[in-house]
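First to last, the protein sequences are chains A and B.
Take 441 as the starting number for the first sequence in the working numbering and just add one per residue.
Take 441 as the starting number for the second sequence in the working numbering and just add one per residue.
Calculated from the structure, these hints are not laboratory results.
Be a bit skeptical, because a hint or two may be false.
Repeated chains share a single entry, so a pair holds when one copy, or any two copies, can fit it.
For lysine to any residue, the following SDA-like pairs were computed, each having C-alpha atoms within a straight-line distance of at most 25 Å [said to hold, decoys possible]: (1) Lys686 x Glu641; (2) Lys686 x Gly635; (3) Lys614 x Leu558; (4) Lys686 x Ala631; (5) Lys521 x Gly745; (6) Lys644 x Ser674; (7) Lys686 x Glu634; (8) Lys521 x Leu734; (9) Lys686 x Gln637; (10) Lys483 x Ser737; (11) Lys686 x Ser633; (12) Lys615 x Thr662; (13) Lys686 x Thr632; (14) Lys686 x Ala733; (15) Lys615 x Asp604; (16) Lys614 x Gly601; (17) Lys686 x His636; (18) Lys603 x Gly745; (19) Lys521 x Ser737.
Every value quoted in this text rests on a predicted model; they were computed, and no experiment measured them.
Next come the chains, spelled out residue by residue.
There are 2 protein chains.
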Amino acid sequence: MNGNKTSLATAVVAANSNVAQAATVVADYSRTPNQYVMVEGTKLAYRTLGHRSDVPPLVLFQHFTGTMDDWDQSMIEGLAKSRTVVIFENAGIGASEGKAPDSVAIMARYAGGFLDALHFNRVDILGFSLGGAVAQQILMDRPELVRKAILVGTGPQGAEGFKDLPNIISENMKKSAEVNVHLKALLFFTATSEGHQSGLEFVKRINNHTVDPEPVASQEATQAQAKAWITWGSTPANNGQLAAIKQPVLVVNGNDDLIAPTVNSYVLYQRIPTAQLVLYPDSGHGSLFQYHALFVSQVNTFLDGVR
Amino acid sequence: MNGNKTSLATAVVAANSNVAQAATVVADYSRTPNQYVMVEGTKLAYRTLGHRSDVPPLVLFQHFTGTMDDWDQSMIEGLAKSRTVVIFENAGIGASEGKAPDSVAIMARYAGGFLDALHFNRVDILGFSLGGAVAQQILMDRPELVRKAILVGTGPQGAEGFKDLPNIISENMKKSAEVNVHLKALLFFTATSEGHQSGLEFVKRINNHTVDPEPVASQEATQAQAKAWITWGSTPANNGQLAAIKQPVLVVNGNDDLIAPTVNSYVLYQRIPTAQLVLYPDSGHGSLFQYHALFVSQVNTFLDGVR
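For reference, chain A alone in the conformation it holds in the complex (with noise of 0.2 Å):
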């Protein structure tokens, strides 16, 4: 599928190798098919994009209601030029088949059950707002499987605000309406004129496969996922098992974040001891997103080891 990239790209390998360098292909997301793997006698979807070999792959959770359709593609096309990506998709969620579990707990257990089912025995782990704490699940139960952990937009069990996620996403899909702007724009960014911009090319850089295009996710799993987060977010701090931590944590986020409230992440970063804190200026739940290119930047830095 990417074969005109490819010869494109090996012409200007024989005509100047200097920049050929440069250009080095770029993996297409919007083009990266498909692959399923069964996972207790679920079908579950994935994609990987990449591929380095000396390091280990990267394994993405992703957000409430969120499908490998909406990742953010130069967010994903970045990361990609430096490791191998791989996205996971839940049970019940976009391609993957069987019933979308409503707990943090079973989702991890999907997570582990997949990683286990490709023979991954350490990778690192990025998991975004719902996504985020499923990695905090995976590093409780799984330690064993995680070399370095990505925690952005999220908090940890107990967390502030977590409550009040259906009246938030109520309230923005009417505004939603009213001014005829994407949800995700409005929940994901700030109202800044910075933000608000941030927030519409967002939106253009998702759900744009051409390839295997995910379906939206269901009522029933947007129910499910609904009662996993604000569990998480009711259920009393874990103090003890953040302390236990022992690999490096990066945990990223804006500064006004409507989904996980900012102040989640300034929590999860004293409560574990390993961690590293990277708030972004003027942004919000989609920080991630509106800074890509430094995200990108500074997930190499952590990932990559320099200290």
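Given chain A's structure and the hints, the job is docking chain B onto it.
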């Protein structure tokens, strides 16, 4: 004074230009001589290291009672690989003449006068601790001089915990004598085994100047700067002034800063609309020294404009 190193590098260039690129000559901060300039009739000392003409120089503002010899040699040399670094010494400290100011406002006035005297009309600034308060004041009083600012281990006016400085220092002076550990290793680093080890390594990287070594701060300068710090912390918060900052700002700290409690860095980040926050694990006031390689890498990313 760098004659030997320069000749060696020149020989390497002749032998193999690829190797020479990797083995760039590292300027030796410990042999960087003082320079002097008159500001408001007072002779102030400074040092410069590194050179890069296409970006503004990076001007450093030092902590409470710190002289130019108290900067981490590895950090300074790391920063100087990518830009011109200017180490500024305020009045009444080290080799600078005059009376140490007892307010941040006067320290900032001297700093602005210093930049004017050197005909710097656009610089990047890095303020650490009390120097971070001075850097904030420059952003308010002389914003036209600053392209970007880095604020490390500091806090806004009205900062929490700044009034405790005398107690914290006297407690740690007692402990320093009891356990026979350098005061700064106790004040600037955590008590964990990694923090302790980092503190012992840090104190080897300061006060190494073989050319123009500096005298320690006088009792008078110590009292004046303590008053400046405590007054900064007891002055009402200046939220409006911080909200008006237009320059990109990078706020940095460790998770357990005894001198400028970490929450102040989070508060600065939340009040400055253009601020990015980076907080390191298992580190205190001296986080920039403990993680000097990572810090230099992040400073370069910030100053060189990846976003």
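Each hint, compared with the structure:
1. Lys686 x Glu641: between (37 Å within a copy, 23 Å between copies)
2. Lys686 x Gly635: Between copies only: 16 Å across, 35 Å inside.
3. Lys614 x Leu558: For Lys614 and Leu558, the Cα distance exceeds 25 Å both inside one copy (42 Å) and across copies (57 Å).
4. Lys686 x Ala631: between (38 Å within a copy, 18 Å between copies)
5. Lys521 x Gly745: This pair counts as both: shortest intra-copy Cα distance 17 Å, inter-copy 20 Å.
6. Lys644 x Ser674: For Lys644 and Ser674, neither the intra-copy (34 Å) nor the inter-copy (48 Å) Cα distance is at most 25 Å.
7. Lys686 x Glu634: between (37 Å within a copy, 14 Å between copies)
8. Lys521 x Leu734: both (14 Å within a copy, 21 Å between copies)
9. Lys686 x Gln637: Answer is between: at 19 Å across copies they meet the 25 Å cutoff, but 39 Å inside does not.
10. Lys483 x Ser737: neither (34 Å within a copy, 43 Å between copies)
11. Lys686 x Ser633: This pair counts as between: shortest inter-copy Cα distance 15 Å, intra-copy 40 Å.
12. Lys615 x Thr662: Close inside one copy (20 Å), not across copies (57 Å); limit 25 Å.
13. Lys686 x Thr632: Between copies only: 14 Å across chains, 38 Å inside a chain, cut-off 25 Å.
14. Lys686 x Ala733: Answer is between: at 22 Å across copies they meet the 25 Å cutoff, but 28 Å inside does not.
15. Lys615 x Asp604: within (17 Å within a copy, 48 Å between copies)
16. Lys614 x Gly601: Cα proximity of Lys614 and Gly601: one copy only (20 Å, versus 44 Å across).
17. Lys686 x His636: between (38 Å within a copy, 19 Å between copies)
18. Lys603 x Gly745: neither (36 Å within a copy, 37 Å between copies)
19. Lys521 x Ser737: both (11 Å within a copy, 19 Å between copies)
Violation of the numbered hints given earlier is confined to hints 3, 6, 10 and 18; the remaining hints are satisfied by the structure.
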